[in-house]
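Following the hints, position chain L against chain Z.
There are 2 protein chains.
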Amino acid sequence: MPDRLLPHLTRASAPLTREVPVVNEHGDASTLSIPAERALTVYVDKRELVTLMTLGAQPELLVLGYLRNQRLVRSVEEVESITVDWDVGAAAVKTREGIANVEERTAKRVVTTGCGQGSVFGDLMDEVDQIALPPDARLTQAQLYGIVNAIRLQESTYKSAGSVHGCALFRGEEMLIFVEDVGRHNAIDTIAGWMWMQDPSAMGAADKVFYTTGRLTSEMVIKSAQMGVPIVVSRSGITQMGHAVAERVGLCAIGRATGRHFYCYSASQRLVLQPELAGPKLRAAA
Amino acid sequence: MPDRLLPHLTRASAPLTREVPVVNEHGDASTLSIPAERALTVYVDKRELVTLMTLGAQPELLVLGYLRNQRLVRSVEEVESITVDWDVGAAAVKTREGIANVEERTAKRVVTTGCGQGSVFGDLMDEVDQIALPPDARLTQAQLYGIVNAIRLQESTYKSAGSVHGCALFRGEEMLIFVEDVGRHNAIDTIAGWMWMQDPSAMGAADKVFYTTGRLTSEMVIKSAQMGVPIVVSRSGITQMGHAVAERVGLCAIGRATGRHFYCYSASQRLVLQPELAGPKLRAAA
Numbered sequence: 001m002p003d004r005l006l007p008h009l010t011r012a013s014a015p016l017t018r019e020v021p022v023v024n025e026h027g028d029a030s031t032l033s034i035p036a037e038r039a040l041t042v043y044v045d046k047r048e049l050v051t052l053m054t055l056g057a058q059p060e061l062l063v064l065g066y067l068r069n070q071r072l073v074r075s076v077e078e079v080e081s082i083t084v085d086w087d088v089g090a091a092a093v094k095t096r097e098g099i100a101n102v103e104e105r106t107a108k109r110v111v112t113t114g115c116g117q118g119s120v121f122g123d124l125m126d127e128v129d130q131i132a133l134p135p136d137a138r139l140t141q142a143q144l145y146g147i148v149n150a151i152r153l154q155e156s157t158y159k160s161a162g163s164v165h166g167c168a169l170f171r172g173e174e175m176l177i178f179v180e181d182v183g184r185h186n187a188i189d190t191i192a193g194w195m196w197m198q199d200p201s202a203m204g205a206a207d208k209v210f211y212t213t214g215r216l217t218s219e220m221v222i223k224s225a226q227m228g229v230p231i232v233v234s235r236s237g238i239t240q241m242g243h244a245v246a247e248r249v250g251l252c253a254i255g256r257a258t259g260r261h262f263y264c265y266s267a268s269q270r271l272v273l274q275p276e277l278a279g280p281k282l283r284a285a286a
Numbered sequence: 001m002p003d004r005l006l007p008h009l010t011r012a013s014a015p016l017t018r019e020v021p022v023v024n025e026h027g028d029a030s031t032l033s034i035p036a037e038r039a040l041t042v043y044v045d046k047r048e049l050v051t052l053m054t055l056g057a058q059p060e061l062l063v064l065g066y067l068r069n070q071r072l073v074r075s076v077e078e079v080e081s082i083t084v085d086w087d088v089g090a091a092a093v094k095t096r097e098g099i100a101n102v103e104e105r106t107a108k109r110v111v112t113t114g115c116g117q118g119s120v121f122g123d124l125m126d127e128v129d130q131i132a133l134p135p136d137a138r139l140t141q142a143q144l145y146g147i148v149n150a151i152r153l154q155e156s157t158y159k160s161a162g163s164v165h166g167c168a169l170f171r172g173e174e175m176l177i178f179v180e181d182v183g184r185h186n187a188i189d190t191i192a193g194w195m196w197m198q199d200p201s202a203m204g205a206a207d208k209v210f211y212t213t214g215r216l217t218s219e220m221v222i223k224s225a226q227m228g229v230p231i232v233v234s235r236s237g238i239t240q241m242g243h244a245v246a247e248r249v250g251l252c253a254i255g256r257a258t259g260r261h262f263y264c265y266s267a268s269q270r271l272v273l274q275p276e277l278a279g280p281k282l283r284a285a286a
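Going down the list, the sequences are from chains Z and L.
So the first sequence is numbered by the numbering used here: it starts at 1 and just counts up by one.
So the second sequence is numbered by the numbering used here: it starts at 1 and just counts up by one.
Hints in this document: simulated from the structure, not taken from any laboratory.
Just to be clear, a hint being listed does not mean it is correct.
Put simply, identical chains are the same to the list, so a pair is met inside one copy or across any two.
Cross-link-like lysine to aspartate or glutamate pairs, in silico, DMTMM-like; alpha carbons within 25 Å at most [as the list claims (entries may be wrong)]: (1) Lys94 with Asp136; (2) Lys281 with Glu19; (3) Lys159 with Glu276; (4) Lys46 with Glu174; (5) Lys281 with Asp28; (6) Lys46 with Asp136; (7) Lys281 with Glu127.
Values in this document were obtained by computation on a predicted structure and should not be read as measured data.
Extracted from the complex, chain Z is given alone in its bound form (with noise of 0.2 Å):
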């Protein structure tokens, strides 16, 4: 696409893991890895958003990200330029235009689950009637487990760390991104700034699916269908609210997925299920 102006991103880099000091329950002294976590102010033409904490691997994604699920940015090509410098621990984006209304839009706080309390900036509720998902869009029981599979095998911070949460962007079971943070709506956001960078229109989410290792929140689902990505995977479970808006949306949301094990909790008709993949049924059928 020629003619679409993506925005022009550096690429800071930092160091992603940290050796402390520990002892053990023998009282043996040693180091051990723990994740990064550094603070990133968002500046939106010169004007203070925000500070995310973050594992800080691809901050300029983000960022990017950030300002798209919340809602600051309708289009990418609005974005001019994300420029990083953690030796000040500051994003300046720039904007071509200005965002409209900045202020005013984010005054209104709704304090969402996550692990925690996450921000988000206006009424996302109010946007879920408008998702219309693709109908046609299906995942079969084996791809399911080539993503679990892919997972398993991916090197990670987590691996070497752990305390962080992945994220990744699936075709089938090509995994097309893989994202880790501190926090897990960083590194779902960090995969919609991803996702606008490679497909600027916005069109290409209906064959993707989703993974998280963290809970199946309402905002990460609602997050997830406001990119259009109509199946999420997660090794955890699943919220009441997270639950209630992939019914509305007619998201599949699947969780539990680890080994050959897994529920779907919704839109079930987007599943194929095999289930002579899924090997002997060694517990009860519950």
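Leaving out everything else, chain L in the frame of chain Z:
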């Protein structure tokens, strides 16, 4: 303390789990318990402040602790009553004399890690350096094992439905309160509210230990320190900012605490090691 004016709290209750239909890997349909999650909009003196997404077990204490941890209320006596009505999803807070400058004090957002982008009004880090934790607070390894065991035995929504975080407050190995919520910041806020009701002067935190199933992020460590609790224990790990804050305030952070294993990340002088209780070294000393 008969001369203390404690707020009047309702005792609103609502179901903590609900059953939803699921399909598993064998194609078997059944039902599964998932945790409830409901929106609670907080009004302070009839002014809308925030909407919290919560499991809803102890909403009045959650709101009280939220106001405390957000530094919107400096003393429990400032609050006259908290009235929760689940029919309309509202918590009405009545203060005795109003909250000064509430507009201004809720204007600055620091979006913290949590597992999401937790909102904290004001600049918590500015307050960290003013915190003086009791220098003599100690926990023995035997007490730590008692805490881990008490959590293991606790009946919980997590055991029946998963997808919630648990927090608890201990004195030594005695569990004083156990709270679960879909958001772990909600769980710690609820404990903060409970502590204020029990101990309005907030002088009694020195011999307490805070337990969380969630990670020790900066926000969790800061909240514990603000509550005056000098020792935190988690079954999960710690992030870099959590570690940095714990070191700065001399808070003893213990993570990966399961069975007899743990790591002490900071202020290890507060942990009285008893390696003879740890059992044989089955793993490499690392």
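- [ ] Evaluate Lys281 and Glu127 at a C-alpha cut-off of 25 Å and name the case that applies: within, between, both or neither.
- [x] neither (41 Å within a copy, 55 Å between copies)
TODO: Go through the copies and call it for Lys46 and Asp136: within, between, both or neither, with a Cα cutoff of 25 Å.
DONE: The answer is neither: 44 Å in one copy and 47 Å across copies each exceed 25 Å.
Open item on the list: One pair to classify: Lys46 and Glu174, alpha carbons no more than 25 Å apart. Within, between, both, or neither?
Closed with: Neither way: Lys46 and Glu174 sit 39 Å apart in one copy and 52 Å across, limit 25 Å.
Task: Intra- versus inter-subunit Cα pairing at 25 Å for Lys281 with Glu19 - done: between (44 Å within a copy, 23 Å between copies)
Open item on the list: With identical chains, the pair Lys159 and Glu276 could be close in the same copy or across copies; at 25 Å between alpha carbons, which is it: within, between, both, or neither?
Closed with: neither (31 Å within a copy, 30 Å between copies)
Open item on the list: When Cα atoms must be at most 25 Å apart, do Lys281 and Asp28 count as within-copy, between-copy, both, or neither?
Closed with: This pair counts as between: shortest inter-copy Cα distance 11 Å, intra-copy 44 Å.
TODO: Using 25 Å as the alpha carbon limit, work out where Lys94 and Asp136 are close: within a copy, between copies, both or neither.
DONE: neither (38 Å within a copy, 51 Å between copies)
When held up to the earlier numbered hints, the structure conflicts with 1, 3, 4, 6 and 7 and fits the remainder.
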